[in-house]
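First to last, the sequence lines map onto chains A and B.
Read in order, the letters of the first sequence correspond to residues 1 to 299 in this note's numbering.
Read in order, the letters of the second sequence correspond to residues 1001 to 1274 in this note's numbering.
Just to be clear, a hint being listed does not mean it is correct.
[Stated by the list, open to error] SDA-like mimics (lysine to any residue), calculated; alpha carbons at most 25 Å apart, straight line:
{"#": "1", "chain 1": "A", "residue 1": "K259", "chain 2": "A", "residue 2": "S136"}
{"#": "2", "chain 1": "A", "residue 1": "K259", "chain 2": "B", "residue 2": "L1230"}
{"#": "3", "chain 1": "B", "residue 1": "K1004", "chain 2": "A", "residue 2": "D192"}
Since the hints were derived computationally from the structure, they do not count as laboratory data.
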Amino acid sequence: MRPGRTGSVVPRGLAPIALVLPGFVLAALIILWPVLQLGQISVSEVNRFGQIRGFVGLENYAAVLADPDFLASLLRTGIWTVGIVGGAIVVGLPVAIILHQDFYGRGIARVIVMLPWAVSITMTAIVWRWAMNGESGMLNSGLRGLGVLDTNVTWLAQASTAFPMQILIGILVTVPFTVTILLGGLSSISDDLYEAARLEGASTWQSFRRITVPLMKPFLNIAVVLNTIYVFNSFPIIWATTQGGPANSTDILVTYLYKLGFQFGRLGEASALSLLMFALLLALLVLYVALISRGEADR
Amino acid sequence: MSRKLRRSLWCWLALSPLVVLTLFPFAVMIVTALKPATEVLSPTWWPSRLAWENFVTMWAATNFGPALLNSLYVGVASTLLALVVSIPFAYALDRFRFRGQGALRQFLLVTQMLSPIVVVIGLFRIAAALGMVDTVNSITVIYGAFAIAFTVWMLQSYFATIPRDLEEAAWLEGASRGQALVRVFLPLAVPAIAVTAIFAFINAWNEFVIALTMLRSQDSYTLPIQIFSLVAGRYTIEWHHVMAASLLATIPVAVIFAWLQRYLVKGLGLGAVK
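Using the sequences plus the hints, can you model the full thing?
Dropping the structure here:
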């Protein structure tokens, strides 16, 4: 609680409730009501038009968990999430530190780094899909021009090249948000601390290890938590480049879910999968937060 | 001075791989959009001439105008909806202490975690029951609701920087709490509200999966769906049209964003560690 709060004349009672109520009701209606629907559908037999035919218990859940496509997508979602979230931090932290320096053209550099955020991820993915075209794509011609490639690669024709490229695109569109959070953190560290360290004879590296890293921890954690939520649920990059193909070999859970629900019409299983995904994400985040707080307690 | 120059060179050198990768798709988009139709399939960087007519033919061939109007409508209406409910929400979270406040913050975090894709089947079922599938209003309400967590978070972090003294002074001079709110607090909050509104608008402008699910006919398509429909499941793709449409849909948002991104650093940074 901040000072000056407790003593002020705050009328207790209904005012704050009335203020938050409209937003709460809207959010609950649009976000929690569908969750209840999912719960109902997931334990029912449903036809492809969504009509409920009867109670089947956990059959839909069992069917999802036994599906080899689910297990393959789950594994790929792990690689996808860790690759993009990790990659965005590995790229984002040095970039944020550079953008925090005072140098010529910093304003322009910041705008360029942030730019992918302003573009719909769908359109970014469509542009990359065109750039990765085997015969006519600019990526092949660019890499050939640099002498990296001798022959054209059909990037999206097999998962071994398509999926790493999709992760690369994922990192590129995740960097702006990550850098934004980290820049906010860097600018919250007072210059006095560095000045004091310098007067005490600390090197730049020591200042970085002893001041920047510990004070940046909460911001790094926030970036990891929020990015994990976004990336785990990210749909357009894969959908607009390969639609999970060829032969489901680039499906992650969200694209597999979409196919299950809206292409195969297996709504019961798709609802079960939705809830399983939410539970998985929640469990991961609770685990991560627990690890962070234990790390804090140990120090 | 020469020290700063040298530092600048190092900084730009270190950033250059990311800068190249970031600008690459923009370059591809611009070059392809301006190539004459006959040269689109050859992967050269310089077109023989700038084919500005691509934008005109694209407009006619791709249903761009109606999709643009739909996107504008959805973006503006959903942003207004989110703001109308989020401003009092954020004000209450920042200026009051009440039971359930912690639970409300948890609730916002959970709504943030439930991304639209996870609940899309439930949403579709509800929209179908209400007869709202294939209407822009359905996605407007959905975008508005999903924006609440973000707008409350942004607004609250700004509201916390507005000194309470000003409002308290107004109370002492006999203004009611409501009057102080409208006359003193809200004018100070206008810049914060504007910035938050623009980010909510951009999110709605760019959203994909809900629109893909709910919108079934071309009349109701928003821009991302319209452009996606030009490349999905087609044997021949008119890439110069696709890129011209993407460019036209991107530029206004990118310009506004470039202008406003520094406010984001402040707002998100402050909100993040609360």
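inquiry  = Next pair to validate is K259(A) with L1230(B); report whether the Cα-Cα distance is within 25 Å.
reply    = Distance of about 20 Å is within 25 Å: holds.
request  = Verify the proposed pairing of K1004(B) with D192(A), using a straight-line Cα cut of 25 Å.
outcome  = It holds: about 21 Å lies between the C-alpha atoms, which stays within 25 Å.
request  = Quickly compare the C-alpha distance for K259(A) and S136(A) to 25 Å and report which way the hint goes.
outcome  = Violated: K259(A) and S136(A) sit about 29 Å apart, past 25 Å.
The structure fails to meet hint 1 from the earlier list, while all remaining hints are met.
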